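Chains as they are written, first to last, in the working numbering: chain A, 1 to 152; chain B, 1 to 416.
Please note: incorrect hints may appear among the correct ones.
Stretch-level coverage of chain B by chain A, calculated; a stretch enters the list once three of its residues show a Cβ under 8 angstroms from a Cβ in chain A [as the list claims (entries may be wrong)]: (1) 353-361; (2) 392-401.
Negatives, chain B to chain A, calculated, CB over 10 angstroms [to be verified]: (3) Ser11; (4) Gly138; (5) Gly315.
So these bits of chain A aren't anywhere near chain B, every CB distance computed over 10 angstroms [to be verified]: (6) Ala16; (7) Val39; (8) Thr46; (9) Gly51; (10) Glu57; (11) Val116.
Simulated from the structure, these hints should not be mistaken for laboratory data. The model shown is predicted, which means the values in this text are computed figures rather than measured ones. Note that beta-carbon positions come from the ideal geometry of N, C-alpha and C, so glycine has one too.
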Amino acid sequence: MNSSVGSMNSSRVDAAPSVLLTGTSSDAHTWNLVHLQLVLEEIGHTVANLGPCVPDELVVESCLGLRPALVVVSSVNGHGFNDGLRLIRVLRARPELAGTTVVIGGKLVTDGLRNVGMVRRLTAAGYDRVFDDGELPAFRTFAARTPDRAVS
Amino acid sequence: MTPASFGGFVSRAHARGALVVQPRMGFGDPRQMREGLRRTRDAGAVTVGTLTLDSYTRVNDLAAARRAVRDGVPLNGYPICTHPAEVSRAMLDGVHEAAFPVQVRHGSARPEHIVSALLDLGLDATEGGPVSYCLPYGRTRLSDAVAAWRTACALLAEARTDTREPHLESFGGCMLGQLCPPSMLVALSVLEGLFFARHGLRSVSLSYAQQTSPEQDLEAMAALRALAGEFLPGIDTHLVVYAYMGVFPATRGGALRLLEEAARLAVASGAARLIVKTAAEAHRIPTIADNVEALRTAARAAEATTPRAAGAAAGSEVYEEAAVLVRTVLGLHDDVGEALLLAFRRGLLDIPYCLHPDNAGRTRSFIDTDGRLRWADTGLLPLPRTALTAARRVTSDELLTALTRVRRIYDQGGIR
Numbered sequence: 001m002n003s004s005v006g007s008m009n010s011s012r013v014d015a016a017p018s019v020l021l022t023g024t025s026s027d028a029h030t031w032n033l034v035h036l037q038l039v040l041e042e043i044g045h046t047v048a049n050l051g052p053c054v055p056d057e058l059v060v061e062s063c064l065g066l067r068p069a070l071v072v073v074s075s076v077n078g079h080g081f082n083d084g085l086r087l088i089r090v091l092r093a094r095p096e097l098a099g100t101t102v103v104i105g106g107k108l109v110t111d112g113l114r115n116v117g118m119v120r121r122l123t124a125a126g127y128d129r130v131f132d133d134g135e136l137p138a139f140r141t142f143a144a145r146t147p148d149r150a151v152s
Numbered sequence: 001m002t003p004a005s006f007g008g009f010v011s012r013a014h015a016r017g018a019l020v021v022q023p024r025m026g027f028g029d030p031r032q033m034r035e036g037l038r039r040t041r042d043a044g045a046v047t048v049g050t051l052t053l054d055s056y057t058r059v060n061d062l063a064a065a066r067r068a069v070r071d072g073v074p075l076n077g078y079p080i081c082t083h084p085a086e087v088s089r090a091m092l093d094g095v096h097e098a099a100f101p102v103q104v105r106h107g108s109a110r111p112e113h114i115v116s117a118l119l120d121l122g123l124d125a126t127e128g129g130p131v132s133y134c135l136p137y138g139r140t141r142l143s144d145a146v147a148a149w150r151t152a153c154a155l156l157a158e159a160r161t162d163t164r165e166p167h168l169e170s171f172g173g174c175m176l177g178q179l180c181p182p183s184m185l186v187a188l189s190v191l192e193g194l195f196f197a198r199h200g201l202r203s204v205s206l207s208y209a210q211q212t213s214p215e216q217d218l219e220a221m222a223a224l225r226a227l228a229g230e231f232l233p234g235i236d237t238h239l240v241v242y243a244y245m246g247v248f249p250a251t252r253g254g255a256l257r258l259l260e261e262a263a264r265l266a267v268a269s270g271a272a273r274l275i276v277k278t279a280a281e282a283h284r285i286p287t288i289a290d291n292v293e294a295l296r297t298a299a300r301a302a303e304a305t306t307p308r309a310a311g312a313a314a315g316s317e318v319y320e321e322a323a324v325l326v327r328t329v330l331g332l333h334d335d336v337g338e339a340l341l342l343a344f345r346r347g348l349l350d351i352p353y354c355l356h357p358d359n360a361g362r363t364r365s366f367i368d369t370d371g372r373l374r375w376a377d378t379g380l381l382p383l384p385r386t387a388l389t390a391a392r393r394v395t396s397d398e399l400l401t402a403l404t405r406v407r408r409i410y411d412q413g414g415i416r
């Protein structure tokens, strides 16, 4: 492929990303993050992918440094509810990030069931949307509406 | 405890035509761990034992491991640094012996604490590597992993006596489990094996994980054998096959057929050892009974297979690519560890779809129409133009299809 396509860790080396994509602190899975990066790039986003096992502070620093229009948190190890709740509180505690769109999705709890109370607590804590495992079409539609993507 | 040389045991079994089969197995409870080892030993196959460690021990969060043991919280492996040494010695007593060596498997990028603990228990076989246990997992800097593995190798090498020969297996044949082109897996196994040897190990094994094409897998094993011969002369070296490490078939029939195919690959390609997967793999942490079934299934498939005459590896696609990668890296620096760091920094080694900050991330791979794993983008790899047979963009849907291809084929009853 050509040089306009950057690395797996970021879409284009020389452009500010429109999306910051990150795993959670306890989750070592990466294929979900690789897949979502491709999904986001296909609908015109540029992506900074922080990868797996990301400490909360690194997500905050990256948000402050890169100022993405959208932050996507993905977790599939069953600890996403707890890790995600802690992360969003840290992010929303920063006034600069109060208005940033932040969503979370994946297999967020070990029982794998859609849990209304869980979704309510995550949105109450500051997530703009919560996507269950299998809601990729809804995520795609949502991400395509997010501004700041390069329509190619 | 009778000394049990891991490499020697495997070589002797290989010389008499038996494939050594080995589980991935670890339990937090010492009694259950002992039972797992005992039933592995008595499985009715030529086996070696495995102590797979828990994830707290892997990342050196020993406080969390201690809390779990104290509170009776189940762990996903054996906390070798946490149970008192006398408890672990009693767990191994009468099980770990010359006729049944035990290897410690852990996944740690910084394994010094684990190596110290296993040596203290009279064990001396383990696995991993500065690249293969760093890049796929977590965020440990590659330079930190290289430094830690230098120390770990030195600890193992210092433990050598007249009756004790420490053994180290490279995990380089796995790298994210799936979709890494075989030439890269072969090159990393050889480079890590060489790293171990340069840091004092005299007995090593090189790994290769079953991929998507049986023909390409055979080619990869032949390349691994040839390069081991070229780069590790005078070192006791055997080859180990891992049954498929990607998304595993969900059906019992599909899972066992895939395992049998791995056993056939191991024997046909002259590997001395196979690490199995179980019929439960896609659903839960396998039980002891799941593992015993897998060991027996693999051993039966192995017995029904005859080794192929060792053909010339040179000239094959996998060999040519792997040889270029190994030679390029070794040309960068006299010290293999420094050479590996330079190679990743410059993108001369680059694992497709690996998100680690020290991986250049410019390469991509795909499964070609003939089932072989190939490069969709070679990035800055020093590969010939022919390595890029089909420069193309891999879409998100194609990635998902590729990740689940083996599961789909085997669940539908096919073997290739």
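Any hints from earlier that this structure breaks? Give me their numbers in increasing order, please.
-> 4, 7 and 9
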